[in-house]
Every structure is written in structure tokens, then in C-alpha cells.
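> Add chain B to chain H, keeping to what the hints say.
For reference, the chains in residue letters:
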Amino acid sequence: MPLDELDRRLIRATQGGLPLLPRPYEAVGAMLGIDGEQVRRRMQAMLDAGLIRRIGAVPNHYRLGFTANGMSVWDVADDLVDELGERIGQLSGVSHCYRRPRRLPVWRYNLFAMLHGRSREEVERQAEDIAAMLGPACAAHDILYSTAILKKTGLRLNES
Amino acid sequence: MLSPDDARLVAFLHGGFPLTDRPFADVAEQLGCPEDVVIERLQRLLSHGDLSRFGPLFQIERAGGRFVLAAMAVPEPRFDAVAELLNGISEVAHNYRRESAHPDQPNATPLNMWFVLAVESADLIAPTIAHIEAVTGLSVFDFPKDREFFVELKLPLLEGLGHAT
Chain H
1 MPLDELDRRL IRATQGGLPL LPRPYEAVGA MLGIDGEQVR RRMQAMLDAG
51 LIRRIGAVPN HYRLGFTANG MSVWDVADDL VDELGERIGQ LSGVSHCYRR
101 PRRLPVWRYN LFAMLHGRSR EEVERQAEDI AAMLGPACAA HDILYSTAIL
151 KKTGLRLNES
Chain B
1 MLSPDDARLV AFLHGGFPLT DRPFADVAEQ LGCPEDVVIE RLQRLLSHGD
51 LSRFGPLFQI ERAGGRFVLA AMAVPEPRFD AVAELLNGIS EVAHNYRRES
101 AHPDQPNATP LNMWFVLAVE SADLIAPTIA HIEAVTGLSV FDFPKDREFF
151 VELKLPLLEG LGHAT
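Protein chains in written order, with UniProt numbering: chain H, 1 to 160; chain B, 1 to 165.
Hints in this document: simulated from the structure, not taken from any laboratory. You may find that some hints are simply not true.
A few chain H residues that don't get close to chain B, going by computed Cβ distances all over 10 angstroms [as the list claims (entries may be wrong)]:
#1 E26
#2 A30
#3 G89
#4 M133
Quick list of the computed label-pair ranges, beta carbon to beta carbon [as the list claims (entries may be wrong)]:
#5 H/D78 <-> B/L124: 37 to 45 angstroms
#6 H/A132 <-> B/Q30: 35 to 43 angstroms
#7 B/D104 <-> H/A148: 16 to 24 angstroms
#8 B/A73 <-> H/L6: 16 to 24 angstroms
#9 B/A73 <-> H/A77: 21 to 29 angstroms
#10 B/A122 <-> H/A148: 40 to 48 angstroms
#11 B/V37 <-> H/V106: 38 to 46 angstroms
#12 H/D79 <-> B/H102: 39 to 47 angstroms
#13 H/E83 <-> B/E84: 15 to 23 angstroms
#14 B/G137 <-> H/D35: 48 to 56 angstroms
#15 B/D21 <-> H/T153: 38 to 46 angstroms
#16 H/E83 <-> B/D5: 40 to 48 angstroms
#17 H/A148 <-> B/L124: 21 to 29 angstroms
No experiment lies behind these values; they were computed from the predicted model shown. C-beta atoms are modelled at their ideal positions from N, C-alpha and C, and glycine is treated no differently.
Bound-form chain H, shown alone (with noise of 0.2 angstroms):
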């Protein structure tokens, strides 16, 4: 899909958030001097394309109690990961599970999936999980705590 002037303008608009009043469509198109009947038309559409995953709220892990963050990585045998890394999405606990690519020497795992828990023994738990379900195709694994946030802000787009 690609961005007209005005698609480009409204996601300006509501990348940092909604308003938070009872008529947030309305204000929105009101900054772009469109009614909200225009706004809520082009957000659905945004939204049967994918360009929008959904509208809605995005928990800090963190503050509600999950505070083991452990981003687990998997060397998998290359003819096994996608149908594995399937799997491995469904399991409760995880997000974000991608196949990314090797970069040896420095780095042999070809399977990401962000584990969070509300403890680190948590996550081991889910790591040892995935572990047994992995089986002799995983050669090695690790998990990496996030031990910081140094920087939270998504994707900005820039006036053009």
C-alpha cells in the first residue's frame, strides 16, 4: 500500500498516540483539516491492508509485573526452523519469533523468540520448553536479558 500525502500526514498525527477525547477521530482530522468521518475511513483501510495491525492499547511489560525479558535465540538445523519456529509462535509466553539470518563466527542462531516472564525462572521454564520440543534440531541455545531500556520511542516519520 503505498502512502499518499495525506496517509503520511495521518500517521503522523497518530504515531505518538490517540487524543484522549471522546471524539479522538474527529480531533485527529481536525489537525488535518479532514472531517472524521475521512480520518476513520482511511484508518480502516490502513487496517484491511496490514499497514495498521490494530488500534489499540500496548502494555509496559515491565510496570505490570513481567519483568524477565529474555530475547532466547536458537541455532536450528536450516531444514527444520520454519516448520519448527511455527511451533515455537503458538507456545504462551512468547512474541516476536522470527528466523533472522546467521552471522558466523560471531553469531550462530537463526531462531529468535522474545520469552517474558514474570521472573527469570520463568523464562527458563519457557526456554526449557522449547528446548524439548526442539529436540536434536537445535544445536545450541542462549538467552539474552534485556537488562536496560536505553531508548523506547517506535518508528518516527520525518517531515518531508
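Relative to chain H, chain B alone:
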């Protein structure tokens, strides 16, 4: 931690906020409370940092953009200075310090700074990486998505609240 009412609202909003003229009123009706209570509760959750965002979540890949995970091995004495350099680059959307669970394993990674580049156009990735390498003097390892298996996470926020979901 969230109150049961807060948790219900957050869980409810996770799935999709309506594209209607008065969406907060429509959410309020389904939760059985007034519109202004929903708005006030959201304001409080955002200002307290229990929610990091409320609004549309864009998948910019669908419009030619890219999110690319990347990492560097940053020497400890330079860690804070490099983080500051990186955080000043607008294409760096997220940046985390990460440590390995298996630091003594022969294959344990020395990569301790993990960040996400978010750009409007795929052809901006290479120059952005080259810029980061130039200003930090460190190698950037990029890990583009070869395949996506799953993205969303639904946290079990309502666990133990005695509320059927």
C-alpha cells in the same frame, strides 16, 4: 500492579479499539461504565506508565518501511557514550542492553547492545548502518527478518482475577 478494573480495560483494549464516532462511549457501554471513566482511566494508565502507548500500531513494512534488529559488541568503558550516540539517531527506534544467560559458554555472545532500526524506506537501512559504524567505530551486525512466525503477545493480565475471558 493494575487494579482488576484497569486490567479488564487493558485486556479489552488490546484486541482492537473501534473505528466509530464515539469509540470510548462504545467501549464504555461494553464494559458497563461511563465514557468519561474509560477516558480518565486511560489517561491515568498512560501518565503512570502502565501503558506505553494507546493508538494505531503501524506495520510500516506494508508501505515499504523496515524494522531491522541489529547489535554491537560495545566495550564496557564506552557503553554509556555509545548508547548516547545511538539514541540521538532518529532511525534507532529501540535500544536495549542485553546480557547472555550463558556468559561462560564458548559460544556465548559478546553482543551487549541490541537496537531496532526503523526506516520509512528499505534503502535507508544500509546508509543508516554505515553511519552508525562511522560514528561509533564499531561493527554493526544486522539481523533482518527472514521470516515472521508470530508477533503479538497477549499477557495473562486477567489471571487470578476470577474473571472469565
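> Using the Cβ atoms, figure out if B/V37 sits within 38 to 46 angstroms of H/V106.
violated, 52 angstroms
> May I ask you to test the hint 35 to 43 angstroms on the CB atoms belonging to H/A132 and B/Q30?
holds, 40 angstroms
> Quick check on a hinted range of 21 to 29 angstroms for H/A148 and B/L124, using CB atoms only.
holds, 27 angstroms
> 40 to 48 angstroms was suggested as the range; check whether the CB atoms of B/A122 and H/A148 agree with it.
Hint violated: Cβ distance 29 angstroms, outside 40 to 48 angstroms.
> A cut-off of 10 angstroms on Cβ-Cβ distance, and H/A30 was said to be off the interface with chain B. Does that hold?
The claim holds: H/A30 sits with its nearest Cβ about 14 angstroms from chain B, beyond 10 angstroms.
> Starting from the range 21 to 29 angstroms, see whether the pair B/A73 and H/A77 falls in it by beta-carbon distance.
Once the Cβ atoms are compared, 27 angstroms apart, the range 21 to 29 angstroms for H/A77 and B/A73 holds.
> H/G89 clear of chain B by more than 10 angstroms, beta carbon to beta carbon?
At about 3 angstroms from chain B, H/G89 fails to clear the 10 angstroms cut-off, so the statement is violated.
> Given the hint of 15 to 23 angstroms, check if H/E83 and B/E84 actually sit that far apart at their C-beta atoms.
At roughly 42 angstroms between Cβ atoms, B/E84 and H/E83 fall outside 15 to 23 angstroms, so the hint is violated.
> 48 to 56 angstroms was suggested as the range; check whether the CB atoms of B/G137 and H/D35 agree with it.
Since B/G137 and H/D35 have Cβ atoms about 52 angstroms apart, the given range 48 to 56 angstroms holds.
> Given the hint of 16 to 24 angstroms, check if B/D104 and H/A148 actually sit that far apart at their C-beta atoms.
holds, 22 angstroms
> Does 37 to 45 angstroms hold as the CB distance between H/D78 and B/L124, or does it fail?
Check failed, 29 angstroms falls outside 37 to 45 angstroms.
> Is the gap between the beta carbons of H/E83 and B/D5 within 40 to 48 angstroms?
holds, 42 angstroms
Against the hints set out earlier in the document, violations occur for numbers 1, 3, 5, 8, 10, 11, 12, 13, 15.
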